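Asks: For chain A, the structure is supplied; the task is to place chain B on it using the hints.
Listed here are the chains, written in short residue letters.
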Amino acid sequence: MAGEGENIMPKEKMNIVVFSGDMDKVLAAFIIATTAAAMGMDVNMFFTFWGLNVLRKKKFTSGKNILQKMMNALNRGGAARLSLSKFNMLGLGPAVMKTMMKRSKMPSLPEMVQTAKNLGVKFTACTTTFSFMGFSKDDFIDGVDAYAGAATFLGEVIDGRVSYFI
Amino acid sequence: MNNVNKDMTLDCYGLLCPMPIIKIAEKMKELEVGQVLEVIATDEGIKTDLPAWCKMTGHEFLGVKEDNGEFHAFIKKVKP
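Protein chains in written order, with numbering that gives the first Met the number 0: chain A, 0 to 165; chain B, 0 to 79.
Pulled out of the complex, with its shape left as it was, chain A reads as follows:
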């Protein structure tokens, strides 16, 4: 059914900006990313602003000055610790949501991050947020493929037909 021509067709590319650090929105981003990768697409996820929290390790202090340290203590990192965009209720919402997901046999967000990595999804961390928040590379998980700015991302977007901002 598939002809010779299909093998030389360039791979479709998908670019996703993950701006949000909300568990529900990030989950949607990862569902699209992993599905696209399973469909044979090249997927690049660009994490910026609150989205960088997905790639952060669980660590209490990060930041170079007192304001950054205070901000990062409140703005906790780690894919397992994100809050919900609705009904967060001081963490009760996410806890209930995680239990519901488990009962529906849905993978957790940290598992989705790992699945994305296994499928070859590329993670790029925004250098502006990185410097502005005073992070160091040590604050991030191993899966980060590149640290880059908006121009790099736009260079990728031009090559792809599918782009999302979440």
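FYI, nobody ran anything at the bench for these hints, they're computed from the structure. All values reported here derive from a predicted model rather than from experimental measurement. Backbone N, C-alpha and C define an ideal beta-carbon position, used for all residues, glycine too. Any given hint could turn out to be false.
Below, computed lysine to aspartate or glutamate pairings styled on EDC-like, alpha-carbon distance capped at 16 Å [what the hints assert, rightly or not]: (1) 68(A) x 138(A); (2) 68(A) x 110(A); (3) 116(A) x 141(A); (4) 116(A) x 25(B); (5) 75(B) x 37(B); (6) 54(B) x 11(A); (7) 104(A) x 10(B); (8) 104(A) x 42(B); (9) 26(B) x 37(B); (10) 58(A) x 144(A); (11) 5(B) x 29(B); (12) 116(A) x 144(A); (13) 22(B) x 110(A).
Facing chain B, from chain A, some residues (calculated, C-beta under 10 Å) [stated by the list, open to error]: (14) 33; (15) 83; (16) 90; (17) 109.
Replies: Positioned in the frame of chain A, the structure of chain B alone reads:
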């Protein structure tokens, strides 16, 4: 549809989107070209998700039959 010879079966019972598609993409690597994979799923999305996946990856969608809330879908590996 009733006389499809399957070479392998993948159990996606109870799994929600996107897990069946991710598992199928993984499982297809184990098949030889020309072999048929049967997917058993309970998520109704499989009826349209699988033809869409086949369209993009170039494999052949042979069909799906519904049996009491259980979906049995068949796909043929077309290229390596």
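Asks: Decide, hint by hint, whether the structure agrees.
Replies: Hint-by-hint comparison with the structure:
Restraint check: the Cα-Cα separation between residue 68(A) and residue 138(A) comes to about 13 Å, which is no more than 16 Å; the hinted pair holds. For the proposed pair residue 68(A) and residue 110(A), the alpha carbon gap of about 28 Å is over 16 Å, so the pair is violated. As the CA atoms of residue 116(A) and residue 141(A) are separated by approximately 10 Å, the hinted pair is consistent with the 16 Å bound. Between the alpha carbons of residue 116(A) and residue 25(B) the distance comes to roughly 14 Å, so the proposed pair stays at or under 16 Å and holds.
Between residue 75(B) and residue 37(B) the alpha-carbon distance is near 9 Å, which keeps this suggested pair within the 16 Å criterion. Pair hint residue 54(B) plus residue 11(A) holds up; C-alpha atoms about 13 Å apart against a cutoff of 16 Å. Under the criterion of a C-alpha separation no larger than 16 Å, the hint pairing residue 104(A) with residue 10(B) is consistent with the structure, at around 13 Å. At roughly 12 Å between alpha-carbon atoms, residue 104(A) and residue 42(B) fall within 16 Å of each other, so this suggested pair holds.
For the given pair, residue 26(B) sits about 11 Å from residue 37(B) by alpha-carbon distance, which is consistent with the 16 Å threshold. The suggested pairing of residue 58(A) with residue 144(A) is violated, with an alpha-carbon distance near 20 Å, which exceeds 16 Å. Among the hinted pairs, residue 5(B) with residue 29(B) is consistent with the structure: their alpha-carbon atoms are about 14 Å apart, no more than 16 Å. A distance of roughly 10 Å separates the Cα atoms of residue 116(A) and residue 144(A); the hinted pair therefore holds under the 16 Å criterion.
A C-alpha spacing of about 14 Å is found between residue 22(B) and residue 110(A), which places the hinted pair at or below 16 Å, so the restraint holds. Residue-level restraint check for residue 33(A) holds (minimum Cβ-Cβ distance to chain B is 6 Å; threshold 10 Å). For the restraint placing residue 83(A) at the interface with chain B, the shortest Cβ-Cβ distance is roughly 19 Å, beyond the 10 Å limit, so the hint is violated. Because the smallest distance between the Cβ of residue 90(A) and any Cβ of chain B comes to about 24 Å, over 10 Å, the interface hint for this residue is violated.
A least Cβ separation of about 15 Å between residue 109(A) and chain B goes past the 10 Å threshold, and the interface hint is therefore violated.
The structure does not agree with the numbered hints 2, 10, 15, 16 and 17 stated previously, though it agrees with the rest.
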